[in-house]
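Asker: The residues making up each chain are set out below.
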Amino acid sequence: MALDASTEHPKHVKAEQVFDLDIFLDEDLLKDPHKGYRAIQQKAPDIFYTCRNGGHWVVTRFDVMASILRDAEHFSSKELTIPKSNSDNVMLPLNLDPPEHAGYRAALMKHVNRKFVDSLEPKLRSRANELIDEVIAAGQCDFSERLGAAFPVSVFMDFMGMPRERFAEFREIVREYFGPITNARYIELQNIIISVIREMIADRRAQPGDDLLSKLMEESVRGRPLTDAEIESYGFLLFLGGLDTVANALTFAFRHLAEDGALQARLAADPSHIPAFVEESLRCFGVVHQTRIVKKDIEIGGAYMREGDMVSCALPAAGLDDRKNEDPERFDIDRPRREHIAFSTGAHTCIGNVLARAEMRVFTEEWLKRIPSFCIPSNGKLVWRAGQVMSLQSLPLQWATGGK
Amino acid sequence: MRVNVTLRSGEQRTVEARAGQSLKAALMEGGAEEINALTSCGGCCSCGTCHVYIDERDVARMPAMSSQEDDLLYVRDDRRTNSRLACSVPLSESMDGMRVTIAPEW
Numbered sequence: 001m002a003l004d005a006s007t008e009h010p011k012h013v014k015a016e017q018v019f020d021l022d023i024f025l026d027e028d029l030l031k032d033p034h035k036g037y038r039a040i041q042q043k044a045p046d047i048f049y050t051c052r053n054g055g056h057w058v059v060t061r062f063d064v065m066a067s068i069l070r071d072a073e074h075f076s077s078k079e080l081t082i083p084k085s086n087s088d089n090v091m092l093p094l095n096l097d098p099p100e101h102a103g104y105r106a107a108l109m110k111h112v113n114r115k116f117v118d119s120l121e122p123k124l125r126s127r128a129n130e131l132i133d134e135v136i137a138a139g140q141c142d143f144s145e146r147l148g149a150a151f152p153v154s155v156f157m158d159f160m161g162m163p164r165e166r167f168a169e170f171r172e173i174v175r176e177y178f179g180p181i182t183n184a185r186y187i188e189l190q191n192i193i194i195s196v197i198r199e200m201i202a203d204r205r206a207q208p209g210d211d212l213l214s215k216l217m218e219e220s221v222r223g224r225p226l227t228d229a230e231i232e233s234y235g236f237l238l239f240l241g242g243l244d245t246v247a248n249a250l251t252f253a254f255r256h257l258a259e260d261g262a263l264q265a266r267l268a269a270d271p272s273h274i275p276a277f278v279e280e281s282l283r284c285f286g287v288v289h290q291t292r293i294v295k296k297d298i299e300i301g302g303a304y305m306r307e308g309d310m311v312s313c314a315l316p317a318a319g320l321d322d323r324k325n326e327d328p329e330r331f332d333i334d335r336p337r338r339e340h341i342a343f344s345t346g347a348h349t350c351i352g353n354v355l356a357r358a359e360m361r362v363f364t365e366e367w368l369k370r371i372p373s374f375c376i377p378s379n380g381k382l383v384w385r386a387g388q389v390m391s392l393q394s395l396p397l398q399w400a401t402g403g404k
Numbered sequence: 001m002r003v004n005v006t007l008r009s010g011e012q013r014t015v016e017a018r019a020g021q022s023l024k025a026a027l028m029e030g031g032a033e034e035i036n037a038l039t040s041c042g043g044c045c046s047c048g049t050c051h052v053y054i055d056e057r058d059v060a061r062m063p064a065m066s067s068q069e070d071d072l073l074y075v076r077d078d079r080r081t082n083s084r085l086a087c088s089v090p091l092s093e094s095m096d097g098m099r100v101t102i103a104p105e106w
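As they're listed, the protein sequences go chains A and B.
Counted from 1, the first sequence has number 194 at position 194 by the numbering used here; the numbering is strictly sequential.
Counted from 1, the second sequence has number 11 at position 11 by the numbering used here; the numbering is strictly sequential.
Take the hints with a grain of salt, since some may be wrong.
[Claimed, not checked] Sample of chain A residues lacking proximity to chain B, with all beta carbon distances greater than 10 Å (derived):
1. A39
2. D46
3. A102
4. S126
5. E134
6. Y177
7. S195
8. D211
9. T345
[What the hints assert, rightly or not] Simulated coverage check for chain B against chain A, where a stretch passes if three residues somewhere in it have a Cβ under 8 Å from a Cβ of chain A:
10. 20-33
11. 39-52
12. 71-83
Hints are computed from structural coordinates only; laboratory data are not their basis.
For clarity, every value in this text was computed on a predicted model and none was experimentally measured.
Heads up, the beta-carbon is just placed ideally off N, CA and C, and yes, glycines get one too.
Throw the hints in and build the complete structure from the sequences for me.
Answerer: In structure tokens form, the structure reads like this:
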């Protein structure tokens, strides 16, 4: 990565639009990325350019992000990485632009819809309880991996037909992938993921199951069956989408809940508020940033973006935008209006959002039935990761034992 | 111009609309907010949630469907020949008085 802030900005960028930010290593972001982005939103221009990481734009306001993410004429998804990866590996349907994109998206959406998620709910509940069983007697755990990751990731691995004994191995791959690494390593990890998926496809060809890869083998786009290369490409996306994002969203939510005893008591007494808790948490504690590459020159809010420029839409800042949500830093499950784009907006709105929301709701319900009161120990240290997929890598929790 | 809408509850309403708006935008402005799902893509023909049935008597005066809309409707197992995604139906004066039913939540 280029870490040299003194690099001169391109000529089409105005001096007053330059704001120095390393999205991976900025100290404030690593202390608390949501507070960090909220502060940047208030002190930097709505659209600014940083010379770090190869040079790129950052957008911090909801409406500007929404207009970019809904504008496939000027903004392409062909390159999604900052700094530019120049990778030949394609993720379906995430790297495609409309109109080519829709058919591939539909083929996947057909299998990750509300009916499917509803049918999964009993399994979500029992899986949550199995994992709580593992930690409850100890009265403490590091939530991030033991629960925050283990719950959604094991559900996802079952759904994909991945053997659970590879949990630690796969988690290590995604953790490294979303951290600050060299481009060579980035591509190497992509190739490792793709080879894992390729092996799985070969297995399913020999012995089909009821997992998602087997279903995609039966799927077609505009009447043409998907090829193995296409299924591999979906698998690559699913691996990255399924093995980290919800994990982080759930851990962020529990970090907040651990620090708010009154909210714990209220949700435990009346679980019907839990969906609002989940939405409010998604609004305040987003995970993913969305990158676009400019495919046609455009002027937006006084910024001239040139073909080939990279643009990072800081989705976690969108929900914290005071122009969209009143008193945005207040966590309030009773807000009459709440706006966020934690799952993005536009053509690439997260397909897994229905599953992610259900996982967060069910886990919170089951946890509070058994551990209605918990906190972060006074010596507990939170370890954050910034970048394009943000995470809380350590969240120590404790509670009184003797629970159910 | 006006659009007549049947909500999921069966309640019928008439909403004011403007030519050039999408059918989805008109329904939302007219208070039929159930057309805008929590999981909506924001009206970009990418999520399939703003599914409506056009009254058979009005189908002929609807604008043509793009391949993108057709692709997306593929995910709906409740698709019928008169199915449309409301975000992808631009309104024009010639559609004044059209009748539309919001499809079940999905």
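Asker: Evaluate each hint against the coordinates.
Answerer: Checked hints:
1. Against chain B, the non-interface label of A39 (chain A) holds: every CB pair exceeds 10 Å, the least being about 27 Å.
2. The Cβ of D46 (chain A) sits about 19 Å from the closest Cβ of chain B, beyond the 10 Å cut-off, so the non-interface label holds.
3. For A102 (chain A), the non-interface assignment is contradicted: its Cβ lies about 4 Å from the closest Cβ of chain B, within the 10 Å cut-off.
4. The non-interface label for S126 (chain A) is consistent with chain B: the shortest C-beta to C-beta separation is roughly 25 Å, beyond 10 Å.
5. Under the 10 Å C-beta cut-off, the non-interface status given to E134 (chain A) relative to chain B holds; the minimum distance is some 32 Å.
6. For Y177 (chain A), the non-interface assignment is confirmed: its Cβ lies about 26 Å from the closest Cβ of chain B, beyond the 10 Å cut-off.
7. Residue-level check passed: S195 (chain A) sits 30 Å from the nearest beta carbon of chain B, beyond 10 Å.
8. The non-interface label for D211 (chain A) is consistent with chain B: the shortest C-beta to C-beta separation is roughly 19 Å, beyond 10 Å.
9. A beta-carbon of chain B comes within 10 Å of the beta-carbon of T345 (chain A); the shortest separation is about 4 Å.
10. Restraint check on the region 20-33 of chain B versus chain A: 0 residues with Cβ-Cβ distances below 8 Å, three needed, restraint violated.
11. Taking a C-beta to C-beta cut-off of 8 Å, the region 39-52 of chain B contributes 10 residues in contact with chain A, enough for the three needed, and the coverage statement holds.
12. Under a criterion of three residues with beta carbons nearer than 8 Å to beta carbons of chain A, the stated coverage of the region 71-83 of chain B is upheld, 4 such residues being counted.
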